[in-house]
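Q: For the sequence shown, position 30 (counting from the first letter as 1) is numbered 60 according to the numbering used here, and the numbering increases by one without interruption.
If you are wondering where the hints come from, they were derived from the structure by calculation, not from laboratory data.
Quick caveat, the model's predicted, so the values are computed rather than measured.
Just so it is clear, CB atoms sit at the ideal spot from N, CA and C, and this is done for glycine as well.
Be aware that a few hints might be false.
[What the hints assert, rightly or not] For each label pair, taking beta carbons as the anchor points, the in silico distance ranges come out as:
| # | residue 1 | residue 2 | range |
| --- | --- | --- | --- |
| 1 | Q110 | E43 | 11 to 21 Å |
| 2 | R32 | E63 | 27 to 37 Å |
| 3 | G98 | A55 | 18 to 28 Å |
| 4 | T40 | G98 | 17 to 27 Å |
| 5 | E46 | I99 | 16 to 26 Å |
| 6 | I80 | T116 | 29 to 39 Å |
| 7 | T48 | I80 | 17 to 27 Å |
| 8 | E43 | S108 | 31 to 41 Å |
| 9 | S64 | N122 | 11 to 21 Å |
| 10 | E43 | D109 | 25 to 35 Å |
| 11 | A74 | I105 | 17 to 27 Å |
| 12 | E43 | S124 | 15 to 25 Å |
| 13 | P44 | Q110 | 30 to 40 Å |
| 14 | V70 | S108 | 30 to 40 Å |
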Amino acid sequence: MRLHQINQLTYPEPLESTWQNSLQANDQVLLIESGILRTVQNTATLQTLIETKNTQLYYLQSDAVAYGISPKIGIGLSDQEWVDLTFASEANISW
């Protein structure tokens, strides 16, 4: 399992397509920093990725609090859970 860390609301093309197309079954996506805003503005895209790529979506609870949002998609992680997930991954990819 690879962990993809997404830290922006959007990326310029072709980078946006590249990271999405690089997802493999059982990979995990973690939204950090302004990437958490994707849970509000890009919900449909995230849901499609979860379903078609068989991936798991996470976000940092501290980022959700900082941006004042309550994501309706994904699983919130504490900082310690983020560290644990990072160490459990075969590879970490920061986009």
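Q: Against this structure, judge whether each hint is valid.
A: Outcome of the hint check:
1. Q110 with E43: 11 to 21 Å: violated (35 Å)
2. R32 with E63: 27 to 37 Å: violated (19 Å)
3. G98 with A55: 18 to 28 Å: Distance hint for G98, A55 is violated at roughly 34 Å.
4. T40 with G98: 17 to 27 Å: holds (20 Å)
5. E46 with I99: 16 to 26 Å: holds (21 Å)
6. I80 with T116: 29 to 39 Å: violated (20 Å)
7. T48 with I80: 17 to 27 Å: Cβ of T48 to Cβ of I80: about 18 Å, so the range 17 to 27 Å holds.
8. E43 with S108: 31 to 41 Å: holds (33 Å)
9. S64 with N122: 11 to 21 Å: holds (19 Å)
10. E43 with D109: 25 to 35 Å: holds (32 Å)
11. A74 with I105: 17 to 27 Å: holds (18 Å)
12. E43 with S124: 15 to 25 Å: Given about 19 Å between the Cβ atoms, the range holds.
13. P44 with Q110: 30 to 40 Å: holds (35 Å)
14. V70 with S108: 30 to 40 Å: With a Cβ separation near 21 Å, V70 and S108 fall outside 30 to 40 Å, so the hint is violated.
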